[in-house]
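Asks: Each protein sequence line maps, in turn, to chains B, X, A and S. With numbering that gives the first Met the number 0, letter number 200 in the first sequence gets 199, and the count goes up by one each step, no holes. With numbering that gives the first Met the number 0, letter number 202 in the second sequence gets 201, and the count goes up by one each step, no holes. With numbering that gives the first Met the number 0, letter number 5 in the third sequence gets 4, and the count goes up by one each step, no holes. With numbering that gives the first Met the number 0, letter number 228 in the fourth sequence gets 227, and the count goes up by one each step, no holes.
Everything hinted at is true.
Residues from chain X that face chain B, not an exhaustive set, calculated with beta carbons under 10 angstroms:
1) 125
2) 127
3) 151
4) 153
5) 154
6) 161
7) 182
8) 183
9) 185
10) 186
11) 188
12) 189
13) 190
14) 192
15) 193
16) 196
Hints listed in this document are in silico derivations from the structure and should not be mistaken for laboratory results. Remember, predicted model here, so these are calculated numbers, not experimental data. A virtual CB, placed ideally from N, CA and C, is assigned to each residue, including glycine.
Protein chains: 4
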Amino acid sequence: MNISLAADKEFDVIAVGRACVDLNAVEYNRPMEETMTFKKYVGGSPANIAIGSSKLGLKAGFIGKIPDDQHGRFIEQYMNGQGIDTSSMVVDTEGRKTGLTFTEILSPEECSILMYREEAADLYLEPAEVHEDYIKRTKLLLISGTALAQSPSREAALKAVHLAKKNGIKVVFELDYRPYTWKSAEETAVYYSLVAEKADIVVGTREEYDVMEHRLGKGENQATVDYLFQHEPELVVIKHGVDGSYAYTRSGETYRGRAYKTKVLKTFGAGDSYASAFLYALVCGKDIETALKYGSASASIVVSKHSSSEAMPAVEEIEALIEENNTIKS
Amino acid sequence: MNISLAADKEFDVIAVGRACVDLNAVEYNRPMEETMTFKKYVGGSPANIAIGSSKLGLKAGFIGKIPDDQHGRFIEQYMNGQGIDTSSMVVDTEGRKTGLTFTEILSPEECSILMYREEAADLYLEPAEVHEDYIKRTKLLLISGTALAQSPSREAALKAVHLAKKNGIKVVFELDYRPYTWKSAEETAVYYSLVAEKADIVVGTREEYDVMEHRLGKGENQATVDYLFQHEPELVVIKHGVDGSYAYTRSGETYRGRAYKTKVLKTFGAGDSYASAFLYALVCGKDIETALKYGSASASIVVSKHSSSEAMPAVEEIEALIEENNTIKS
Amino acid sequence: MNISLAADKEFDVIAVGRACVDLNAVEYNRPMEETMTFKKYVGGSPANIAIGSSKLGLKAGFIGKIPDDQHGRFIEQYMNGQGIDTSSMVVDTEGRKTGLTFTEILSPEECSILMYREEAADLYLEPAEVHEDYIKRTKLLLISGTALAQSPSREAALKAVHLAKKNGIKVVFELDYRPYTWKSAEETAVYYSLVAEKADIVVGTREEYDVMEHRLGKGENQATVDYLFQHEPELVVIKHGVDGSYAYTRSGETYRGRAYKTKVLKTFGAGDSYASAFLYALVCGKDIETALKYGSASASIVVSKHSSSEAMPAVEEIEALIEENNTIKS
Amino acid sequence: MNISLAADKEFDVIAVGRACVDLNAVEYNRPMEETMTFKKYVGGSPANIAIGSSKLGLKAGFIGKIPDDQHGRFIEQYMNGQGIDTSSMVVDTEGRKTGLTFTEILSPEECSILMYREEAADLYLEPAEVHEDYIKRTKLLLISGTALAQSPSREAALKAVHLAKKNGIKVVFELDYRPYTWKSAEETAVYYSLVAEKADIVVGTREEYDVMEHRLGKGENQATVDYLFQHEPELVVIKHGVDGSYAYTRSGETYRGRAYKTKVLKTFGAGDSYASAFLYALVCGKDIETALKYGSASASIVVSKHSSSEAMPAVEEIEALIEENNTIKS
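This is chain B alone, in the form it adopts within the complex:
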């Protein structure tokens, strides 16, 4: 099955939400207490997806709020340099800050992050700063779950979804669950189900769908898709880590994608690179089975490198890895 998208749009994808700064440990395989140097990258799930998509050749735009300081200007300059349209990035005037993520790489399997999200500018995007004219210009609108974590960013994201649906623009919901900024699991479930019911494509890990369903144990994929297909979604992707990912369509098909083996440096950035390449494949008109391969290959490349944004692969790298694995398999 292929997903049909509007043909005559200027942008392939417009992402909504946070664009932040990652401070990655230069000395790694040790506790962060012993890391003395940090390298700066643009970060944040929707920013990473916009960067990854742009690197693959999609035309991407971004709706978000950045601070009026050195980190804010760095983000805007970097994304602009990557070919992303930043005309809808709003500069905060209230002294808010860029969200920061310090990464700790204890070992390839044990990574953790230390987030600075207090008064982060991205969470202060106002609904009045989201414009119908801009949203009408894209094939896909990508909403990151974290944009729903606090007001007024929450209302800005809800308004973007409302305007997209009103104008027949397909909505992609990347669950991107970060417990840090949410008040309670109940609250997350309320907004995750609200937006998932209205989205056309939903992408997340099994654990993130359990959060959406406000479930303590691990849910069944079938129950999740039965619920979502009563509403707007036509494609639901559920990721199971090293066990690969599954795509379900409203028309009843199920596809499975394998995870690609790689030498892992750290686990950050896997989801964002997956989403970039998966959406790239859909926009190029590839079938869902192929899109799953693009997603997995892209993720496996990023986890072998130091950053999440700068490490986003080119199409050739992805296709080479797929080809290589096809050969191995046979």
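Position chains X, A and S relative to chain B; hints supplied.
Replies: Relative to the frame of chain B, chains X, A and S by itself:
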């Protein structure tokens, strides 16, 4: 046209949201500065609707949060005494307060209110305090717009709507717009349209629908119903003050109800008494045209009296007024 | 001993802090749940002291913040009508509210209050709204402990004390402890000791001094005055309820005042009427022993009446009661 | 003149307030947007002064709050490793963060900082976490002005001053004015004058004293010391940048210290290194004139190096620089 409701339910209506205290001027037709005595009543739109419905003979329940103080206990005791099931009213444990509304009656045409809504307990109802088992027991779930004004009451109301829809319970959305507790008109429009799209019956004034549509000037009823009937609603009531009210059905019918003349003491409470009697008529299986008459008659009785809750009329009073007006007209 | 005050000042006393609205139960000797009518009075300790002083013939001024609403205007009009200079009462422009105190009179011995202090305008007096020119015009500056409970009112009160000391104006500190608005007992102790050390006259109950000293059990008066006389105070009044009150001077004298018997209606307002009459006596040049009698007599008159502010007695009433008791005693 | 200090104390100095993380630009002489790597150091004025003092051989302790995360543990480990007693550093349990300071070195003359101070753990030190027993063990208690910027750290610092004065411990007030966390200049002036009046030794720049006096233009040193010597201070140090510093004593002496020439890398850390060496000299019983030299020499060494904490000099370096300058001068 009649609205079909589930037959086998314990409650006719469960209202969600605020139950507060009104302090009505004992000496009126003067500025509040010169009013020295105030009389205490239960107030708040959904509480008034529950009281009005109960007085008319419906079995009503209430989901809300009241403080652990003398005003909170007064509310619970009064509503319980009116036959309302208060088993789902939660007592706040964080020292919050009962919302207060001081009323100023300068003249029958010039009324104003002075609201105390800071840290009002009703706005702190948590989603975890809304239970599926309770909501399953009613024919109608009534959501008041003010419950959406702040978190966590907002999420509690959204969860109640989600649970009602999941269980096939009809949702009535009374727009009940009070600018006081909202941060911006944009924010109100986001949540009003979100809930109105999911409701089965929507009731409000023309001005309140303009708020929902985030419109500066006055909108057209036809545009409003064209929009809402693309979503879940099957019945939309739009009130135009002394020019009467209109009911629109998804199947294309339009009904008009006249306003009844009365000796007005004050304008408060008209909307709540309208909603109580309108819903009463629907539950009793009366047609929409008749339901509009019940609403108008009930409203005209309440505006001639001192309170909003205690003044809620009995069926006989409503029917006598309708009869009297039918006679006059002929 | 007499307290020497500047002779050439326009005001006898300027009070700083809250001016609020009391809503007193019209039907009493019952729980508030059963009280249906409330009578409105101006309230708040420093407002009551200004009103009481003014009724006794002192020239009083007031520094405080009132809301831009009907209750705010009522307060200003009432205090102005009592002869108080309200030129330094600032009108809030941020939508804050008048603090409210609902009184419950279960019996003459069991009284309680229900306070509304969230976003109360009086706590938002800014230090920039306290002016040296105004403070220079008074003999006594009266600080109420509650003004220290929150910023920015706290800084406004500290600035007023600073300016008074700088200009040789005597500072009276009325401890007026209301736990409601304080975050912790530790915090109260920090500011109470800070201001008490700088004040010239300190007035409070034994329990309030225990709060100042951050003491769990009941402290000894001698320890309290030993501590305070190492700093600025020259006169310390410690009230022991029905056991009367004690005044201690820096020069080592101790005076005891008896409590006057009366038919108690409620306990509210006793402290404010005590302070008004005590300060009146000092300003009139009476000795401390006589001032204690004025305080006690005034308190006993107010507790026999319905309000705290309107019930403030005239000089003749106070003197008649003192005379009557002198006669009885002999 | 020498300052007499208690002889029999375990600690020479206990500092109160913030201990944070500095992230210093590794690539400098460029805008921060172009700096891609940052090096981590312990920072924050009172932490730097404790580190500097400890390096010079004083026995230092610290009262402050650090987060329960990797940065918090780094701070505690580093300071402990420098010989500072960290037994009174409290670990925050509410998820607060370490304050961060990114430094931008455009040129030796143009340096700026980007501070992260939202929900910084140090500002949440509670008065209940400051203990009399600990404060009794030191010769000097050092209060940093920034600790007064917000509650509850403000009350913790006020309590520390209260306990020091009660026990005859000398209080050093380092004005350390950082506009970022203060609400208004009026508020700063209130608390700066409050603590400066109670301190024994006050140290700051001319500009900081202007903040304390809530002055728009530049004040005169003589007016400042005339005011402060009416209260508790016995020694007041006023720094005038490259024009050197002045020390005034209550007994009427004035001393001037020259600034030492150096090759400046950045301007950060000058004040903290000055204070460390000045206090070291006082504790060692050196006269004030010599102490001013120690301060200047220490400052000039730190501004030539990359960090503020790790660059703190040893006694030999300071004395060598003083000696060298003495020789040059002659």
